[in-house]
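Participant: Going down the list, the protein sequences come from chains C and X.
In case it helps, the numbering used here puts the first sequence at residues 37 to 385.
In case it helps, the numbering used here puts the second sequence at residues 458 to 1260.
Derived by calculation from the structure, the hints in this document are not laboratory data.
Do not rely on the hints blindly, as some may be mistaken.
Derived, one-sided and incomplete: chain C residues facing chain X with beta-carbon distance under 8 Å [as the list claims (entries may be wrong)]: (1) Asn-151; (2) Gly-170; (3) Arg-267; (4) Ser-269; (5) Gly-273; (6) Arg-290.
Only a predicted model underlies this, so the values are computations on that prediction, with no experimental measurement involved.
Yeah, the Cβ is synthetic: ideal placement off N, Cα and C, and Gly gets one too.
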Amino acid sequence: MVQKERMIGLKAELEKIKKETLHKLEQLNTMEELQDLKVKIMGKKGSLTALLKQMGRLSPEERPKMGQMVNEVRAKFEEAWEAKAKELEQLALAARLEEEKIDITLPGYRLLKGNQHPLSKVIEEIEDIFLGMGFTIAEGPEIETDYYNFEALNLPKDHPARDMQDTFFITEDILLRTQTSPVQVRTMEKMKPKLPVKVIAPGKVFRHDDDATHSPMFHQVEGLLVDKGIRMSDLKGILLYFSRQMFGESREIRLRPSFFPFTEPSAEVDVSCMLCGGEGCRLCKNTGWIEILGSGMVHPRVLEMGGYNPQEVTGFAFGMGVERIAMLKYGIEDMRLLFDNDIRFLKQF
Amino acid sequence: MRVSIEWLRQYLKIEQTPEELAEILTRGGIEVGGVEDLNKGFKNIIIGEIKSIKPHPNAQKLQVCDVNIGSEELTIVTGADNILVGDKVPVAVPGAKLPGDKVIEPTDLRGVKSQGMLCSDKELGLEFVGLDRSKGGILILLPDAEVGSKLEDYLGLDNSVLELELYPNRPDCMSMVNVAREVGTLLGLKPKFADWLEVNTPLWPTDVKQKIEIENPELSWRYSALLVEDVVIRPSPRWMRNRLRAAGIRPINNIVDITNYCMLETGQPLHAFDRDRLKGTVRVRLAREGEKLVTLDGVERQLDNSMLVIADDSGPIALAGVMGGLDTEVTASTKRILFESAHFAGANIRRTSRKLGMRSESSSRFEKGVDPHGTVTTLARVAELLLELEAGVPMSFTEHCVCLPPQAEIEVSLKRVNALLGVEYSEQEVEQVFEALNFDYESKPNGKYTVHIPSYRQDLKIEEDMIEEIARIIGYDRIPTTLPQGIQTQGRRTPEQEFRRKVRHTLTEAGMNEILTYSFTKKDSDDIWGRRDMNIPILNPLREELGVMRTSLLPGLLETAARNTARRNLDLLLFEIGNVYWPHKLPLTTLPQEKTLIAGLVQGQSQRHWLVPQIKFDFYFLKGILSQLEMACGVEFTYTRLNNSRYQELLHPGRSAEITVGGEYLGFMGEIFPQLDEEWGLNRPVLFELDFDVLYKNSQTALVAKSYPRFPAIQRDLALVVPQDIPSEAIKNRILELGGELLQTVEIFDVYQGQPVAEGYKSVAFSLRYQSPERTLKDEEVISLNSNILATVQKEFGAQWRK
Ligand SMILES: [Zn+2]
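Given these sequences and hints, build the entire structure.
Facilitator: Structure representation (structure tokens):
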């Protein structure tokens, strides 16, 4: 009888614990409180633990029943506790996210980086295109002899074509090269009799000129290919490839007869306008075409002076102004800007 | 060369517009720089004759004229004072238009109604028109102007001019006849020329009295002269004046105009001497030292023995091919004339005209080459025009002909044409080109030809020249695009070229901006910053500030920095890689050494940013950039105090260093000397200049990767207080030495001066990293090493341990 009463008493207590605990659980707001509650109920000295300890005094038949009931309450409590814990965790995360919010409109920190000069950038780009086609890079002196700059290029003293290039002189026979073409003969002399001679020669050149479209110092890239059986159609093919790489896949080129003392036949090369695509605009003066370089088949005299037999080999040569290409590419209207070196201008490239 | 379309139409039936013709010529290799409409935009300008001139009743500076314009008489008020009764003048009648779309209306000028306006040449956009009295006033026309007719008809302005920009290989196109031949070839038309063009031998009796002698046959092959009597000087006819003006030449009188007209027509320059002023034999010879000549422009010229002259028994009478002399000039009273039509060697004419700074239509033709076969033909044309214009009677002829170059023959092989161009032209196509050019040729077996080159095409000498003719006349568009057939080669930069690129990229990645400055600079600056008295002077510099070749990159950098600073670009990180020029001997007898240098300048500080503090662009900042370069090149620089007396005046002695690599001098860096920066308008810039070759030679181009031990490292910090003069690096190096194999790295992570560190001392903090490749280090090992290091540096450097 006593046992029965005990049983009833425990049952009531269990019910009370269950009710109170679940109610309390609802009220909690922090993880800490939640942990405390767990200890209070299920810890060594917890109320549910205490209840279990009293089960020894129940009859053997009632013990399992009671045990089951306690377990049910415990399971219920744990389930509710987990749910609450999850809820609190999510609240805490949400609070943290809210708290950690930053002003995303503030500027980021950029590592200091400088810029290459637009001309050296364009030269590198031209170099890379021709390196890809199997050309190597040749160099020659900027202070040149009259021989290499003129005579070896089929321009004897007092030749009227010398007027095309106003020259800076150091002495009567030493001058600032007016073109990168002297590298043609220097390269052939060095290479002969090996074939093919396949080089480009970028570099500084100098002419006695200074205005919006001329600078007393500027840059050219010379090209030379000498081999057995080189044709003018090859020149056209190489330059078409170059123009497309440099100015876009849809570019076309056209050749116009021209004159250079060191090529025969000679051609001026126009590329279809990169701005209007050939329709005609201000950049191309409504012609749809823009002159970008001079070229031709190497004159037999020049081949001879370079040490090659014009009966056996032929070649083509071309030369382009780097400033002009940079101006076209970047829409620069005054060449002097390229040598003014204003840091605001340079930082664009 | 200015080509009048109206003139060209005399030889060819041209249907194209001037613009179309320009395009055809340009695509054919004769570049047309522009097409000019001779009428600059006026309309309804009528030629009137001034009948009376009265003063204006209400204005002192105005006059009232009655002007007959054929259909009626107008009253016109003018402010000009160069008119006389009877003058023929251009009248803008009501409704007329002037260039710039200015429309003329009847106006009331201070109480007098003006029914139009008298025009000046400027208002009409005209040049070389009218009598001398026109200058600065109303344009006064020649008496042959017809009252009531339109001004544009009278002046032949319903015409356009092509402005040819000729390459030096086509001087033949400085002649209307040859331009007509060229246009004919390109249009597929045969030009029609008058009979005189066929004349090759003189048609006149030989003048036995006038002797001609060429003394320098290498400079003059032929001198032909036509002797003319009964000369009457007067204006040339309207058609001739209009053609000369269209060509850009001022009409003067019939004789001068005929010489100019014939030169334009055939390309052969001519000169007219007053024969009654010639004394004895006409000689073509070099001037003698000390001889003088007053040229047509009234200037006395000092001659030397390189200049070819025409002389008579009294001395020089003309500068051959450049300009005539004043003494023998044709004047209003001239009765007999000797017309010179000669060949002179271009090179000599070019030198003379340069030396004297004189260029003329004649010299510019001779310089480029004149057909030596054309002297007599041109005189035949002169004779014809003299008779036509009733300007004189051609009486006799005389000449000295030393030699004439043979007509060129060029062997052309179709096989070679096709091989060089990469085309497959047929024999028929090539023959059509010869015919279009009007060249005689002989066909030989196997597609071979002998082509006879007419003497006016002096540019055609070798087979390749003919190949260009064939290609351009068939059209360059017919050449296909192919790729070279030979062996494939691999393109790559040489190691040195690659290294130069790497240096450039390393510096830009480190924050530096590349600049490019002129290779010539101001002598004063280069003397200071470069190698004094080593800079090579340019004989003809553009400006004095660009007078010498640089021996240092620093003046260019400083100038660039100064220009930027003046524009308030204060924070600068600049570098340049470029050549300087060091002569072996001055003046130059051989080419100088061209040395590549790397130089830079930093000034200011990093941009303000809300996240990080600003960094000063100072000595240490620049040293950091250079350490980037060290890493990229796989080298270590050694910095020692600058020991060069020259730089001691340019750089702050306490803030500059000499840089060596592998024991070799590489260059220097340092802050500019106080006050020197102000002189340049700069604010404490720090500079460097390094020798590219030395850097390249010492660089490690191949990278060998180091492997790092997997055992944990132990880090210990060591703060020392040392006398302030002791270089931090010396302590660092000693620590490294003392640490032995186990001490991997030593970094300086803090430097401090000021309280509580005593005056004259500094605190330097080192971070030491111990590690063994084989095992995990024990604490005791490190403690013992550390205390040994501490004890030694305390003793050796007088350092105190700052716990
Ligand atoms: Zn366009």
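Participant: Can we keep the Gly-273 (chain C) interface hint, with Cβ of chain X closer than 8 Å?
Facilitator: Gly-273 (chain C) check passes; min Cβ-Cβ to chain X is 4 Å, inside 8 Å.
Participant: Can we keep the Asn-151 (chain C) interface hint, with Cβ of chain X closer than 8 Å?
Facilitator: 5 Å, holds
Participant: Does the CB of Ser-269 (chain C) sit less than 8 Å away from some CB of chain X?
Facilitator: 3 Å, holds
Participant: Does Gly-170 (chain C) hold up as a contact with chain X if the rule is Cβ-Cβ below 8 Å?
Facilitator: The hint holds - Gly-170 (chain C) has a Cβ within 8 Å of chain X, the shortest such distance being about 4 Å.
Participant: Restraint: Arg-267 (chain C) near chain X, CB-CB cut 8 Å. Satisfied or not?
Facilitator: At 3 Å from the nearest chain X Cβ, Arg-267 (chain C) passes the 8 Å test, so the hint holds.
Participant: A closest beta-carbon separation below 8 Å is what the hint needs, so does Arg-290 (chain C) meet it against chain X?
Facilitator: 7 Å, holds
When the structure is compared with the earlier hints, no violation turns up for any of them.
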